[in-house]
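Turn these sequences into a full structure, and let the hints guide you.
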Amino acid sequence: MANLKTVTKKSKAQSMGMHTEVLTGRTQQKFFNPDEAENFYYFGTYDVDFNKRTELDVKDMTAPEANKEIDNLMSQGYGTIVIKNPQGKHSLGVGILNKLNLIFEGSLGYFGMGSCDGPIVRINGRVGWSCAENLMAGKVVIEKNAGSCFGAAIRGGDLICKGSVGARTGIDMKGGTIIIGGDAGAFTGFMMQRGRIIILGDVGINLGDSMYDGTIFVGGEIGSYGSDAVDSELTPSDQDWLKRKLKVAEIGDNFDVSKMKKIVAGKKLWNYDNLEPTEKKGAI
Amino acid sequence: MCGIAGLIHRGKSSNVGSELQGMLQALKHRGEDSTGYALYGDTDGKNFIMRFKVGENVGEGSSSVMEDVSVYDERKKIVDQTLSEMGAKVVKEERTLPYSLRYEIDYDTKDLLDFSQRIESIPGVEILSMGKSLEVIKDLGNAKMVCDRYSLDKVVGTHAIGHARMATESGVDIKSAHPFWGYPFSDVSVVHNGQLTNYWNNRRVLENKGMRFMSECDSELIAVYIAEKMRHGATLEEGMKESLTGLDGVFTYFVATKDSLGMAKDTMAAKPLVLYESDDLVAMGSEEIAIRSVLPQEIDTYDPFDGEVKVWQI
Chain A
1 MANLKTVTKK SKAQSMGMHT EVLTGRTQQK FFNPDEAENF YYFGTYDVDF NKRTELDVKD
61 MTAPEANKEI DNLMSQGYGT IVIKNPQGKH SLGVGILNKL NLIFEGSLGY FGMGSCDGPI
121 VRINGRVGWS CAENLMAGKV VIEKNAGSCF GAAIRGGDLI CKGSVGARTG IDMKGGTIII
181 GGDAGAFTGF MMQRGRIIIL GDVGINLGDS MYDGTIFVGG EIGSYGSDAV DSELTPSDQD
241 WLKRKLKVAE IGDNFDVSKM KKIVAGKKLW NYDNLEPTEK KGAI
Chain B
285 MCGIAGLIHR GKSSNVGSEL QGMLQALKHR GEDSTGYALY GDTDGKNFIM RFKVGENVGE
345 GSSSVMEDVS VYDERKKIVD QTLSEMGAKV VKEERTLPYS LRYEIDYDTK DLLDFSQRIE
405 SIPGVEILSM GKSLEVIKDL GNAKMVCDRY SLDKVVGTHA IGHARMATES GVDIKSAHPF
465 WGYPFSDVSV VHNGQLTNYW NNRRVLENKG MRFMSECDSE LIAVYIAEKM RHGATLEEGM
525 KESLTGLDGV FTYFVATKDS LGMAKDTMAA KPLVLYESDD LVAMGSEEIA IRSVLPQEID
585 TYDPFDGEVK VWQI
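Just so you know, the protein sequences line up as chains A and B, in that order.
Sequence positions in the first sequence follow the working numbering and run 1 to 284.
Sequence positions in the second sequence follow the working numbering and run 285 to 598.
Treat the hints as calculated values from the structure; they're not laboratory data.
Worth double-checking, as some hints may not be accurate.
[Unchecked claim] Incomplete in silico selection of chain A near chain B, CB under 10 Å: (1) K89; (2) G106; (3) S107; (4) N124; (5) A146; (6) G163; (7) G166; (8) A186; (9) G204; (10) G223.
Every residue, glycine too, gets a C-beta built ideally from N, C-alpha and C.
Next comes the structure, spelled out in structure tokens:
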């Protein structure tokens, strides 16, 4: 074993066998069988037509009223719903377990689009704390800035903020991808367990603190590394993936991904990596 | 939980009483045990305005007791007598509630320390604010209740900060309500959302330096801490930056002076703040819906980052 006192944090972790390039292996496994997708549905979901479009003005509605009306419109087959005057209300668009093209003409408050599975959402404004918390699948695009705890505990899907985000982005995330066009605050990737975060701008202190697994890509300056976060080599396959993701996210045109830093977990939790894939799905 | 809100008009005055009432009422779900306003009104700048109380409005968990109005009257007489002895002439007197008073005072001094100490040496009397522009009004209930009780909706001025309180660290009463005056500095006020974990250590140190605490609310520490820094020559912004390391815990707070408004956020960014900034107006609050009450149209807002301090001038 190498003399651990003389090696850098990055090579120290590797010398101890605590970190290997995990992204090309286990974390890219698919735990969900696509062949079974047709047989998988939520009770109470609706067969909607994306070409059937309507508008909903929520100016004088409470969040529960607005969310019930969205559900009502989906039940009538509307697949594209434009929400007018959200005016920073909290908890709009939560719990949508359906295919849906949802557009917000304005900003959301806290907990917008929480616990969703499947919708494609565009928010032409800003979002408050905990946007898209527990997102399972789908795509949420925010055109302006986002508050703290952006994408907390998401398990899948793409969450994109074209502006800057607050602290603790991707806290406890267990899958999916978060893409930030601007800067991110402190404790980004705090306790993340799987998934990927891409930040084109600068990021604050304690990046990736206490992360178990997953990967963070940073284009700008890093305030400081958190406990357990270490640098890793940016591979050609990483770069190809980053280019594809940024293109899909419609941000970072001509951004030089080869200059990005790649941060991963510098340690393995005992038994965390020894589970069979089916057990892992249950564990997270 | 608590909610804070503030706004500053740059280059003009506006109906800040009504605007702040709307912002704080939008945050009432964050706490409505008490609500407080620090309003910087348009005045001629000649006289001091002293807001003070001669008794408490006692709510749940308060260490104070309700007293008879005759006790308040007696205390008021002693205040009047003390002011007369100090050569301070009461130009205008308002008694909105039996325990709450507003005096306009013709008094020529730059040292409010001695003045404040003499007034507050009267048992049961507390100065809520002292300044030539600042007026701190705080009482139990939500923003609308306090606004209606004190007729604040017509106050015109340049800037204001306010607080909707959910009592956690101390009981429900006026002395624990925000904003806190930056004693003994004229026209300095503070509101805070969060929790300070080195309150008692800092309090002991500051008390040994001659600073005064009127409540056991941890938020009062911020006002006293910054006032003590300014007493030793620091600017408002310098004092606020020092507080990021001097104060331990989670916090977002606002400080206002006669001509400026500042915000600070702790290094973990654990407490929320949404900010709107333009050439003629800065508005900020714990939630975006507070800002929406004064700017309903679509606007660009953002969250300040961890450890950020900003100060704006009128």
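Consistency of the hints with the structure:
1. K89: 7 Å, holds
2. G106: 5 Å, holds
3. S107: 6 Å, holds
4. N124: 8 Å, holds
5. A146: 8 Å, holds
6. G163: 7 Å, holds
7. G166: 4 Å, holds
8. A186: 4 Å, holds
9. G204: 6 Å, holds
10. G223: Status holds, d = 9 Å.
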